[in-house]
Amino acid sequence: MFGIGKGAGRKDKQSQRQSPPDGGKSEPLNANLAVSLQTLRTKLGSSGDLIIRSLRADAVPSVEMAVVFIRAIVEEDTIHQNVIDPVMGWSAPLEQSTWLETLCLRVISTGTAKLVHSLDDAVNALLDGQCLVLTDGFSQAVAADTSGGEMRSVSEPNAQTVIRGPQYSFTENLATNVGLLRRIIRSADFRMKTLIIGRKTRTTIGVVYMDQIADPKVAAEIERRIQEIDIDGVLESNYIEEFISDQTFTPFPTMMNSERPDTVASSLLDGQIAILVDGTPFALIGPATFFHFFRSAEDNYQRYDMASFLRLLRYVAFLASMLLPSLFIAITTFHQEMLPTPLLISLAAQREGIPFPALVEALLMEVTFEILREAGVRMPRAIGPAISIVGALVLGQSAVQAGLVSPAMVIVVSFTAISNFVTPQTTMANASRLIRFTLMLLAGILGIFGIMAGMLFLIIHMTGLRSFGVPYMAPFSPVFKEIWPDMVIRLPWWARVYRLLAVSKVNPHRQRGGRPSHQKRR
Amino acid sequence: MSRIGTYQLFVMVVMFHIGSTPLFQLGSKAKQDSWLAVLLGAAGGLLIMAVFIKLQQRKSDAGLIALLQLTAGRWGAAVIGLLYAVYFAYQSMRNVRDFGELTSLSLLENNPKWFIMAVILLIAGYTVMNGNESFFRTTQLLFLIMLGSYLLLTVLIGCNGLLQLRMVRPVMEQGPMSIVHAAFPDIFSFPFTQGVIFLVFWQYAENWKQARRASYWGYIASALFIVFMNAMSVMVLGPLASTSSMPFLEVVQLVQVAEFIERLDVVVTVLLFIGLYVKMTAFYLAATIVLRELFRIPVRWIAAPVGALIYAAAFIERNNTVHLAVGLGISLRLSLVMQVVIPILLLLLALMRLHGAKKPTGAQAAAERSGV
Amino acid sequence: MRNGWKRTVCSVMLLSLLCIAAAGCGSRTELNELSIVSASGIDWEDGKWVVSYQLVLPKAIANNTSGSSSGAAPVNVFSTTGDTIRGAISKASFEMSRRLYFSQNQIVVISDQAAKHGLTSLFDAYLRNPDSRETVSVFLTKRSAREILEHLIPLEENPGAAIERMSINEEKNGSTLPHMSMYNVLLELLGPTKAAGIASIEISGNDPLDSVEKMSKTFSSSKIRLGQLGVLQEDKLAGWLGRTDSYGVMWIRDQIRSSTIWFSCGSEQLAEQVVMRVNRTKTKLKAKKVGDNWKLHLQIRVKGTLMEYPCNSDLTKPANVEKLEKAAADKLAKLVTDSFKAVQGLKVDILGFGELVRLRYPKQWNAMSSRWNEQIFPKTLIETDIRVTIERTGMSTDSFSKMQSKAGT
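Protein chains in written order, with the working numbering: chain A, 19 to 540; chain B, 4 to 375; chain C, 164 to 572.
Keep in mind that a hint or two might mislead.
To be verified - Computed footprint of chain B on chain A; a stretch qualifies when at least three of its residues, placed anywhere within it, have a C-beta under 8 angstroms from a C-beta of chain B:
| no. | stretch |
| --- | --- |
| 1 | 347–356 |
| 2 | 469–475 |
| 3 | 481–492 |
| 4 | 495–508 |
In case anyone wonders, no lab produced these hints; they're calculated from the structure.
In this text, a Cβ means the ideal position worked out from N, Cα and C, and glycines have one as well.
Go ahead and model the full structure; you've got the sequences and the hints to work with.
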């Protein structure tokens, strides 16, 4: 159940992270039932939802027993039917020496039942949603897995929707998520390693990969990095992402995230490794190169010509959302000779009477749009439509008519903002937002030279990035000639021979390839 | 420092030799035969490239200092190596200065030159800090951009009907000697024998045999490209080509397609930017690597001082005319010595040693070799 | 200790970063700090250069919803004087609140006074400055350049661009006058004969259209039109060629794109003439040495379509069509020979004859290049070999007059 640590040197941190392995440090349960129950109550602070139900088995009516559980996180029906009922109804004769064993093996009929020895183990078991069966006179208890409670059921994805394709998304429950994945990949090579991270939250994290396809060294490295995390609580997968990424000081993400099981499954089949975090439907996928971020699940569900066109469109839109305002500023302020004369005259006419220089105008409009966008996220649903009216009419149209901004600038800013939404992965879209501001400043100071210097700097930075050992700009530099056509356009399915992470050289072929026999020309 | 793949080396050879060369008019002494002069210079440079490769062949994973040690002994290698490091830094400085001058001329007329040079030097410094892997990969990506731009420009120039074949005629009007005079020593030393820098980079090649072939083919490809660009400038501008300070820019300024694609100066500027950046960073990186081999200090500590030195040195020349005059005067002679004379001498020494070592018997030869 | 040192370094870097930001703003010009020059004119008066500028007023031109045409003219013209051309331009800052922006300049109009004085400084200024484009169209004029710039063109908003388009259009469809950009002129003047021909613009009529009120009528009292061909020798104006001669020069130089020629019906002397549209033509020139003299051998192959046909012969018979072709060829030969003689009269070789001699006989050219224009060229001979093919006779065969006479019976 626990992951493998790196070795003797890391013992200190490790031991604090997990439940203490040796019973020497923590106290055992008291053999006296009343004392044990009181200790449990005190440990949990006399919490109002701690239920202690005393009972006696039919077989030994003189012995006091108790079933302890925390109400909201257990499936009460399971406790009634699989724990209390069998214990109460057990009438076969038994001996004291084998009582606990009998309880575990023959009486309690839940899926998991094991013995707990120490107080800490018992408390952790209670907090995990298990129920304890304590018997007077024994210093060990039986923990039965009865976790459950109200959870969100499997529903449609909110953030990453497709038109054609499966319409369900992950939930906040790790077990359910793994179940969804297993339903897609029914192979014995499906591997899941569980880790528990977070001192107070003790969140379960699952590292999922395909045995014969993913690079085992990368999987081991990911596990190692997660093990090193020492933090109070892990609430969302981003906590993990920031800890295990190769480099922090970069605007570009090195791991993808997805709330769709089909996306995760196709990444697994490509040789990538998924990290599922209990408590969030968003799974992390790594290693990811720059070009992975422009792929969407829907590409594979549409015809290849349409999907190729849309993918090329995404690249263009990404460049536009990064470069368009800065190019506009640079050309209208420094290099007006590039514009055709009618366009120049039209722009010059629009700029008459505008009080701000182009750079300030652009920054104002961009910041305004970012504020609008952020407000739209926080807006309660009832007032949502009002924001679009406020944004469009009041700010856009009126600002133009008041002579504060030129119409061309409004067009540029709106187009930029819309192209920002085309990128499938929001982390990459956010990167382009940040870079856009820097490039605008550079363009305002140095014109096209500034933009080129900035882009050159970015390219150098990107070629130096790695995502878990995979170069960020693969398959273009270094060149992997089998893969790069599939990154730029979407090849038809019969041509997609190579897995996209063939850089790992583990099992690079996905299929035999070649046109199907009925499509071959006679 | 990591390994370099064969394709990366090929791209680097092409990009380095092309650099910013198509923007100038080489061989303008020969007027309309300048393209022939360039061809001749390229052929000569090919022979010298073979000399470089033969030198590297002796120990294919050795850096410059190690190669020098094979022939010149420890102290000789240290001295010559230091000379080369300084020479590379000097060439980088010339490129930085070129960059500042050309940007001031065409793009940003009113900006102070120190600022432009500082910006580009910072970017080069950042590249050097990231190591040669980052530099070679960036050059790969820039290669695609450069290829696309030149292709686009050539197509547009052709479509516009600007090419006039009669400008190149009559061929050899002034006789072949004018072509030879234009080719040697000018074109010979810039840009065609600057490949001496690859003696520093070849040690990182993954596969030496393939790297050798890639270097030859890269050189030939870049030479043909430069000849073509030169010929195109002459075909469009005719006699104007020799007086213009940036003929390719003039050519591109004349392109007018469909009444709205015009004034494509910026494309030329992008190409100039990329070309000069590649050359400047290559020299900077080479200087840093040689110094690292000499003094065994990690790259991070050397990069900053060398960069500062290059930046400071870029201000020594007073104005553009001095810069160009030095380029055609002292710098030319210096390049000839460092790029042609010393490698040929080294090769001759090596060959002599090889021949000399065959005559004496085993023990004496072994003693001689270990004494080297 | 170490923290303090690091902090100092960081603050110094931050300060220098801010300074750098300020240093960069040198080349910035907002669009409303520019005044766009769409046409410029060069005059020479009383020993000084007079440079005129035609500025575009964007607000009056652009179509936007909020603005409306304010009744102002779309352009504004003013001039400055100076001892040198660039000196005159720099004096514009005395009168102008904005910087003059030449990169959108479409045409340059040079008065004949300036051309007679000599245009070397103009050409040098164009080559040396990065913001003057060599793609501007060049025109001469017999009036003053400023008058041309002040003249508006009906139906067009930007007069400078309109004149350029007019010249391009003429070259494409009528091919009487060449459209010369500055780059063409410079190349010609740097060629072996150092001569170039430039079209001129004139104003017809007496009342120039220099205000918007005058444009509100249905007809224009005066118009800008293309005039004759001015011939430059080295950098000075040497003379003028009329339209017919210029047309012949275009034929010789193989610059005809499509054109219209008319000729008589052959044997019948009718008042009307046959009109043929030239679809494709190719001229091949060859220089031949004849004793001490040189001969220009001209081979022209023309393909055309009939546009007007008033004669009576039957066009379905090939023999008749051949007669027409011969008549056309004869007319062309006469046209070309007359132009050749006219150019010889000016003693300036703009036909490219010298270039041909240089290409074929480079050594002899070197010996005589300095005497070519004045002495050798005026004595040279011309030999023509013209063949016309009438590809199609249009959509009808018989002429209308013939149909009428047939219908009457």
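| Residue count check for the stretch 469–475 of chain A against chain B: does it reach three with CB-CB under 8 angstroms? | Result for this restraint: holds, n = 4.
| query | Taking 8 angstroms as the C-beta cutoff, is the stated coverage of the stretch 347–356 of chain A by chain B satisfied by three or more residues? | reply | holds (count 4)
| request: Given that the stretch 495–508 of chain A was listed as covered by chain B, double-check it with a C-beta distance under 8 angstroms for 3 or more residues. | output: holds (count 3)
| field | Annotated coverage of the stretch 481–492 of chain A by chain B, confirmed only when three residues or more have a Cβ within 8 angstroms | value | Answer holds; 4 residues pass the 8 angstroms Cβ test.
In this structure, every one of the numbered hints holds.
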